[in-house]
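Engineer: Whole structure, please, built from the sequences with the hints as guidance.
If you read the sequences in order, they're chains A and B.
For what it's worth, our numbering labels the leading residue of the first sequence as 28, then goes sequentially.
For what it's worth, our numbering labels the leading residue of the second sequence as 489, then goes sequentially.
There could be a bad hint or two in this list.
As the list claims (entries may be wrong) - With a cut-off of at most 16 Å between alpha-carbon atoms, the simulated EDC-like pairs for lysine to aspartate or glutamate come out as follows:
1. K69/A / E149/A
2. K142/A / D153/A
3. K142/A / D165/A
4. K536/B / D546/B
5. K142/A / E81/A
6. K147/A / E499/B
7. K82/A / E561/B
8. K82/A / D546/B
9. K536/B / E561/B
To be verified - According to the in silico footprint, chain B covers these stretches of chain A (three or more CB under 8 Å from chain B):
10. 40-51
11. 126-136
12. 145-159
Stated by the list, open to error - Among the chain B residues that face chain A by a calculated CB cut under 7 Å, a handful are:
13. A495
14. W496
15. Q547
16. G551
17. A563
18. P567
19. V568
20. T569
Calculated directly from the structure, the hints in this document are not laboratory data.
Beta carbons: idealized from backbone N, C-alpha and C, even for Gly.
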Amino acid sequence: MIRVRVQREDFDSGAELAALEALGGGAVASFTGLVRGDGGLKAMTLEHYPAMTEKALAGIAAEAERRWPLAGGTVIHRFGRLEPGARIVLVAIASAHRAAALEACAFLIDWLKVKAPFWKREEFTDGAARWVEARREDDAAAAAWERR
Amino acid sequence: MKFVYFAWVRETIGVDEEALTPPAGVNTVADMLDWLGGLDSGHGEALKDRARIRVAVDQAIAGPETPIGGATEIAIFPPVTGG
Chain A
28 MIRVRVQRED
38 FDSGAELAAL
48 EALGGGAVAS
58 FTGLVRGDGG
68 LKAMTLEHYP
78 AMTEKALAGI
88 AAEAERRWPL
98 AGGTVIHRFG
108 RLEPGARIVL
118 VAIASAHRAA
128 ALEACAFLID
138 WLKVKAPFWK
148 REEFTDGAAR
158 WVEARREDDA
168 AAAAWERR
Chain B
489 MKFVYFAWVR
499 ETIGVDEEAL
509 TPPAGVNTVA
519 DMLDWLGGLD
529 SGHGEALKDR
539 ARIRVAVDQA
549 IAGPETPIGG
559 ATEIAIFPPV
569 TGG
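Structural biologist: Here it is in structure tokens:
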């Protein structure tokens, strides 16, 4: 069972991984997304669609569970204003074997990027601000999983 | 019907949400975008480039042909950029 959380607060990556290791699955893989501080970025604000976000993430988690034999998993996505170095997202998967854990982890972050209703607005040190544009490569990465 | 907007779509239209009743003949997402875009200059500006617009009907991603009859909440937003 993959647990999904959407929250403003930070999370403890180590504690989340330890909880999955305790399931006894044999393998845990994870991805942590952080705010990059390049290009004069001062902060990033993540907006989301509360009525839909958890539903969308649960749907993506259910698809991962359908595709791979998993012992458990955790998906945490933050919203609100985050500064460079801050954690944005954690995807962690426990399974009996590494291939399922690694593949399910990659699948979840690829699909989440194009299917979960979050939007990033960047603020720069020179005072400029802009909404991040969706990247074509992200659509291609997600679409590759549709064909598998 | 409740309409909710996010990111630059919300900023361009100028409100987070509004209650609107689509007229008869507005049956699909594509019809709805045509009608909504004609309401005033803010809606028109926000919706002018359909390639940059995504729609969810009752919290499920919808396509141009998705029917909107009976829906409670229509959400309009740019392509998502989370993760």
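Engineer: Next, verify each hint and record whether it holds.
Structural biologist: Now for the hints, and whether the structure bears them out:
Of the supplied pair hints, the one linking K69/A and E149/A holds, its CA atoms being roughly 8 Å apart against a limit of 16 Å. Only pairs whose Cα atoms come within 16 Å are accepted, and K142/A paired with D153/A is rejected, the gap being roughly 32 Å. Distance check on the hinted pair: K142/A and D165/A sit about 11 Å apart at the alpha-carbon level, within 16 Å; holds. Of the supplied pair hints, the one linking K536/B and D546/B is violated, its CA atoms being roughly 23 Å apart against a limit of 16 Å.
Pair hint K142/A plus E81/A holds up; C-alpha atoms about 11 Å apart against a cutoff of 16 Å. For a cut-off of 16 Å, the pair hint linking K147/A to E499/B stands: about 14 Å separates their Cα positions. For the hint linking K82/A to E561/B, the alpha-carbon distance of about 15 Å falls within 16 Å, and the restraint holds. Our distance criterion of 16 Å between C-alpha atoms is met by K82/A and D546/B, whose separation comes to about 11 Å.
Among the hinted pairs, K536/B with E561/B is inconsistent with the structure: their alpha-carbon atoms are about 21 Å apart, more than 16 Å. Figure legend: the stretch 40-51 of chain A, annotated as covered by chain B; annotation inconsistent (0 residues with Cβ-Cβ distances under 8 Å, at least 3 required). Evaluation of the coverage hint for the stretch 126-136 of chain A: breached, as 1 residues show C-beta separations to chain B shorter than 8 Å, against a requirement of three. Only residues whose C-beta sits within less than 8 Å of a C-beta in chain B count toward coverage, and the stretch 145-159 of chain A has 6 of them, enough to reach three; the restraint holds.
The criterion of a C-beta within 7 Å of any C-beta in chain A is met by A495/B, whose closest approach is roughly 4 Å, and the hint holds. Of the supplied interface hints, the one on W496/B holds, with its beta-carbon coming within about 5 Å of a beta-carbon of chain A, less than 7 Å. This hint holds: Q547/B has a C-beta 4 Å from the nearest C-beta of chain A, less than the 7 Å allowed. Proximity of G551/B to chain A is violated relative to the hint, the smallest CB-CB distance being about 14 Å (cut-off 7 Å).
About 6 Å separates the beta-carbon of A563/B from the nearest beta-carbon of chain A, less than 7 Å, and the hint is met. With its C-beta approaching chain A no nearer than about 4 Å, P567/B sits inside the 7 Å limit, and its interface hint holds. Here the hint on V568/B is kept, as its CB sits about 6 Å from the closest CB of chain A, short of 7 Å. With its C-beta approaching chain A no nearer than about 4 Å, T569/B sits inside the 7 Å limit, and its interface hint holds.
The structure does not agree with the numbered hints 2, 4, 9, 10, 11 and 16 stated previously, though it agrees with the rest.
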